[in-house]
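There are 4 protein chains.
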Amino acid sequence: MPISDAAIKSAELLALERKYCSFGDTVHYLDPPKVFVSCEGSTLHDEQGTPYLDLQMWYSAASFGYRNPRLADALKRQLGRLPQLACQYLHAEKVELAARIAQYCEKRFGVKGRVQFNVGGSQAIEDSLKIVRNYTGRNLMFAFMGGYHGRTLGASAITSSYRYRRRYGHFGDRASFIFYPYCFRCMYGLKRETCELYCEDQFEKLFESEYHSVWDSRAEVSEYGAFYIEPVQGTGGYVIPPKEYFVRLKQACEKRKILIVDDEVQMGFYRTGKFWAVEHLGITPDIIVFGKALTNGLNPLSGIWAREELITPEIFPPGSTHSTFSSNTLGTAVGLETLKMLEEEDYEKLVNEKGAYFLAGLRELQTRHPGIIGDVNGLGLALRIEVCKEDGITPDRKLTDRIFSEGLKGDMEAGGCKYGLVLDVGGYHKNVFTLSPAFTITRQEMDLAVELLDQLFRRCRAQ
Amino acid sequence: MPISDAAIKSAELLALERKYCSFGDTVHYLDPPKVFVSCEGSTLHDEQGTPYLDLQMWYSAASFGYRNPRLADALKRQLGRLPQLACQYLHAEKVELAARIAQYCEKRFGVKGRVQFNVGGSQAIEDSLKIVRNYTGRNLMFAFMGGYHGRTLGASAITSSYRYRRRYGHFGDRASFIFYPYCFRCMYGLKRETCELYCEDQFEKLFESEYHSVWDSRAEVSEYGAFYIEPVQGTGGYVIPPKEYFVRLKQACEKRKILIVDDEVQMGFYRTGKFWAVEHLGITPDIIVFGKALTNGLNPLSGIWAREELITPEIFPPGSTHSTFSSNTLGTAVGLETLKMLEEEDYEKLVNEKGAYFLAGLRELQTRHPGIIGDVNGLGLALRIEVCKEDGITPDRKLTDRIFSEGLKGDMEAGGCKYGLVLDVGGYHKNVFTLSPAFTITRQEMDLAVELLDQLFRRCRAQ
Amino acid sequence: MPISDAAIKSAELLALERKYCSFGDTVHYLDPPKVFVSCEGSTLHDEQGTPYLDLQMWYSAASFGYRNPRLADALKRQLGRLPQLACQYLHAEKVELAARIAQYCEKRFGVKGRVQFNVGGSQAIEDSLKIVRNYTGRNLMFAFMGGYHGRTLGASAITSSYRYRRRYGHFGDRASFIFYPYCFRCMYGLKRETCELYCEDQFEKLFESEYHSVWDSRAEVSEYGAFYIEPVQGTGGYVIPPKEYFVRLKQACEKRKILIVDDEVQMGFYRTGKFWAVEHLGITPDIIVFGKALTNGLNPLSGIWAREELITPEIFPPGSTHSTFSSNTLGTAVGLETLKMLEEEDYEKLVNEKGAYFLAGLRELQTRHPGIIGDVNGLGLALRIEVCKEDGITPDRKLTDRIFSEGLKGDMEAGGCKYGLVLDVGGYHKNVFTLSPAFTITRQEMDLAVELLDQLFRRCRAQ
Amino acid sequence: MPISDAAIKSAELLALERKYCSFGDTVHYLDPPKVFVSCEGSTLHDEQGTPYLDLQMWYSAASFGYRNPRLADALKRQLGRLPQLACQYLHAEKVELAARIAQYCEKRFGVKGRVQFNVGGSQAIEDSLKIVRNYTGRNLMFAFMGGYHGRTLGASAITSSYRYRRRYGHFGDRASFIFYPYCFRCMYGLKRETCELYCEDQFEKLFESEYHSVWDSRAEVSEYGAFYIEPVQGTGGYVIPPKEYFVRLKQACEKRKILIVDDEVQMGFYRTGKFWAVEHLGITPDIIVFGKALTNGLNPLSGIWAREELITPEIFPPGSTHSTFSSNTLGTAVGLETLKMLEEEDYEKLVNEKGAYFLAGLRELQTRHPGIIGDVNGLGLALRIEVCKEDGITPDRKLTDRIFSEGLKGDMEAGGCKYGLVLDVGGYHKNVFTLSPAFTITRQEMDLAVELLDQLFRRCRAQ
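Chains as they are written, first to last, in this note's numbering: chain R, 1 to 463; chain Y, 1 to 463; chain U, 1 to 463; chain S, 1 to 463.
Only true hints are included.
Chain R stretches covered by chain S per the calculated footprint, using a threshold of three residues with CB under 8 Å from any CB of chain S:
{"no.": "1", "region": "160-169"}
{"no.": "2", "region": "202-210"}
{"no.": "3", "region": "216-228"}
One-sided excerpt, in silico: chain R residues whose CB lies under 10 Å from chain U:
{"no.": "4", "residue": "Gly-137"}
{"no.": "5", "residue": "Gly-172"}
{"no.": "6", "residue": "Gly-319"}
In case anyone wonders, no lab produced these hints; they're calculated from the structure.
Each residue gets a CB set at the ideal place from its N, CA and C atoms; glycine is no exception.
Next up, chain R with everything else stripped away, as it sits in the complex:
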């Protein structure tokens, strides 16, 4: 297609979009929004055919690369046999997928449990809330500042950002939000080396007296049923906690019969170099919520795993919940293929090696932009670049936005080719690039990424 045609088509599309599409989803963060027409591996293509190296991969939903052929085949196979089935009937892929996940958890944590599917991370979170509310008899939850669990009303109530609730009236089940061990910006101004997990101590102090508001010390009952955690914060800016924190948090919660719900929607399925990110933390959660990468983005399948005690049919009987597409055949078929892939190749090794290589590149980049790149860190292929003022700490949201937008112009050059760069902005101050590159990314692509980032930092700092 000649460029002029593409341009005409694009203009028409944007005009239609401006007229008929809600802006209420996230599209209009960039105005006009960027249009893409094809994808492959780590690359998106716009209407002019320019390649954009994608470092966010649909917020980690496409971990196995765009248009992964094996997963596409799995989808097509199911499409040719049983693409539709009401969820009150069984099909093999659902059962096998559930079994593999539950068996993995049993092997890894030594705990029996069951799996239930749904579509979209938020609905899986809602299912987890139902399980917690049913089992504990309590509506209220602890969750973390910086935490993100979705945008249904129930999920918004346990998601930290007030901006996500402000328009929607009163939230009677609003969580109580606890400071996350975000050591680069410690709320207490401490350093990890010497803090002795002061922040976790602060949480435990809530249980020292009934007047601290959450604990009846006579009845030994907490007002809160569960603590929702992300082992690495996603939207919060790929914040990597000190491991020891969660060991102590888990003990503190267990002592007060507060469940731990582990949200792995963004970090599960090896994003951090472990099947579940929570495995880095040395604890066993009571419930795990997963989604996104399970189907590599080919289907919104999500789900939960819960300890037998919470989800056993006596406690959570048939009809406790329902969703038309909950264990849809296409999604479970792709998910099953994903699980097979994860068992056949050593993704722990692969992801950690690539992650280490990329992190080294980013650290090198940091030395070229001292202060401006306040923090660089990574766990597996979940990586972060925190953009600051020259002082190395004050968040520079404007610069972050400029870099993000410039990357999408698709006008950089490297090795004689034109490139764009697809980034994602997160963080408490919207000054963090949260990188979740494809597991299929190559060393050359990682080198290219660092090169393009360097160009963007230079270009935008000069503005």
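Start from chain R and add chains Y, U and S according to the hints.
For chains Y, U and S alone, kept in the frame of chain R given last:
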């Protein structure tokens, strides 16, 4: 596959399922659950290869028939080009699909509006709740007894059945539920011919005095932001209301600035013989929620259309909500193909003709089981059979269950072949077969359906 | 005091009031508010010394007449001995008062129970809500349209008028309001003679199907913990229900383990000719809430009686609630004297005789204003006059307001004296005079009341 | 009365109480409860005539001494003239009392405002919640750990102790509780001399990012409408904050349009040596809530003062709230007399001098029980003794309870007379004696108090 192998595989599958799958979704209504392995057109096949004529088609999600080739091709095309894309970027199919739906509404209702996508009907309902809460400043909703809008916590609060809430603690946004014009079981014991819509009068009486609890007559403000309706009740038992009811209800609501949210998740896209079921009612809703049949079950894509005033970017700006898979490329591509199909063929004619034929068959069946089949009715291809005791009115839930279970045994014979029959049970008393056959169903298949139903009624009444 | 001085003083007072007093209470319903300076028996006096015959007696708080000497003496005795004592210690009057009330209930209903005090009807209602929520584990209540239980946030949630909630955001515990058997304005347009308590049937229909929203028919559990009733509606307009209604309602509730909380704040202590108004209804409530007349208005003492099972120390242990003034010595001393009075004289006879005499006078008045006085009724000395248009049914709020205001002008003449008349307006449409004259009112005063009412009706109808 | 008769009477009383009284109020903290029969000045008398020096004076409700003759006369005067009047009419004392309070606030804070009355501190708190919810449009409040604002459902939601909520289901308006500057038990383990109000910094950090959960930084709107404070914590253990804290807190709140509601129910009317305790803090609150000492315990009158902007009739119009006894004539008459007393004598000087003398005695006592008396402090006549283990910091609840119980035995001797001592226990760990002696207490009585306390500490430590 020889039967013995199938049996072994099935037994293994059921054992795995019993161990690793939650029973909390609906699977275990039948115990053991029924396993299916393939599908085509109006037919599901079990592991022995027995065909089951399916009269519920995944609760109307697969209206265009199982394995519809045109829609499968649309999915494969997108799979080959752009199967994944973060929803903060644009792709053509999303825009074109939104535009077609909004243009249809504009043409049909004379009202401008916008479309927003999500996955799963419940999440679309949650989006609609956000729009209502944002626009009206109110948390509380009216909804109908017998109404069903989903199972997230927010959707459960506006869904009538208390059983769906009981396990989950307090619902601070519980709707106020109003009697639906379910004339076969009129709550007031009246007959439609002479009632003069007494039930609608009763609703309006709530606004006669501030002491009737919902209306401040001085400030002229209602405590309720919107009224959630189903033009034909789905889970409630395919209840078809008298059309005039909603004309009056709409006027009553408009006068008190109460929005109408029209849930078309089950009835939209020609199930009732109109694009939107609400078109039968002669009213224009403020918000339409849709899902299921939009992709013929190939993707959980759902969405809402809202009047411009409610969803305009000034009122509902970027970032108001978000969902990773909200306008996923695979779903929007299939949805777009569905819309094209709907424009190319006269589905209004097709559905109404087939519906009339099937309804005639069911009415004939009713004459063979007087009393026992208390009511038969239909709108387009949404049909109902209400199973009663001999008195023609007392619900017979046990007989309904037996018929449902027997149908799934797959041991009936017709024309020398073995058949099963897939039904779905709904209704306030779980005594209604809610039929939503494929639009591709043939006259022969409808005849077969009536024949099999007759066999089942005879067999089960004799037990 | 010469009139001019009084006028000056009054003007100063009104100026101060306009500047420093909240208008948020009900004083400014009349503008400027009416000032009174003394009282005695059934009469209030304004600054000019004009007597106003009072037919509302502080909404039934001063049933035993203004400045009742015996009760004043009881107050003074306690004032001279133990006017203050922290409620964590005991004093004799509290115990004796509680015992007399509990013994009365035991004798009358055959049910053991306990009493707990507080101040103000709303706080007693809040205590009853705590007992219901603790015992049933449920936050939600049924209550009646037209019902009034107070204005704290908790009491407002179960009080029908939305106007009382509108300004105060979301009420997550809002009751479900049921039509009260207000036969003069039957919501169903029926006549008591032939209705067969259709309205009660309608309530029971809510339990016929889980889809009717309040009942899980599998678990046999209701979403609602208690039904709050007034045996005669107070603020709702002294609506007197058909007795049989509550016998059936009680059975319906008992069957579903829904408690009955009987609000006697306005009608208790013989206002209706029985100790508790509920005694007219032939049912035993689970909780009784009382206040107002207990101290004849000399102290805000209120309280609850609850069945032993609900309030026994194991279930409702020390510290379950608290209020500094809950069982204050002055209030309990006066309350105890009230109870002694009630035991010493036959108030059932006295109140019913006076009530019958007054009602006869009002019925005669009705014949003089046919249509305009749409309804007249009474139970004991709780009487109502419903003001309508000439058609005898359309509420005439304006005329009601005029009569109310004219009465407060204090410019009527009767028997050569100048008089005012103090009335109170209630009812769903603010068109009902709710009369609660002092038990000490004389026949002459009742004759005078009818005469003054007649003057007011004539004067205001002519305007 | 001979002792044996008293004993019989007492036994009968306790038997009646055990049978007919709820234990749900606080009486049964001591078992059997203590009975008192008369009072005067600083002394309560039991049935044997033994005097008990009272250091808590009904939680500060009887600040002006038991049976204060001037206030008793004011009550009797009103009793003889206008002891009853419906609150929709005006009487002079209400207006004059409101005016004096509002005028005081205007003079002291330079801010115009209005007063509204009610009965009981909790109901005044409920009124303040209504004003905040109406003005800010928000349901949620900040409040302090250790804070106490009452026991209605609304007040319990903003009162820190979870024990007060646990039995009563879900609280959809639960406050967010912030650490109070309780320096003796600093949650952060800091010392006031060097902390630089670290705790206030922690509060402000909540507004640094929308992800800290309470603040939308784009819209500049907080999720919380007001911050409820006690200038000195009451039930929390008479905790005296560093003054500078509140200056900064006020600025922080003002900046985010969060109102300050000052609960003076226990500390108002000179308990701390200032008319309002908040005057110590150098800030102007938006709303003041008061009660208790206003009538010296002779009537439950309470009330609020609010800034004109919040309570002006346009914003908070007639009928916004209501309570039968809200501005009852007896209560307002006594309150008016209290205000006159406060204007006629220099209570600031009197209370501070007596407070200093008593505090010196307590400090001396502390030297006799080092460690065991971990902290002694006071502001005016609000004084605290914190009972610890020998380490001077670990709370010793058991010793506190023993001392409290022993004091009530009435078997101590001093100066040849038998005495009891009435104490009150508060604090986050129930190990604090909160002393609020009468303003009429003499130096001899204070000396006696220290002597009796010393006896109790010695006796109980020896056990």
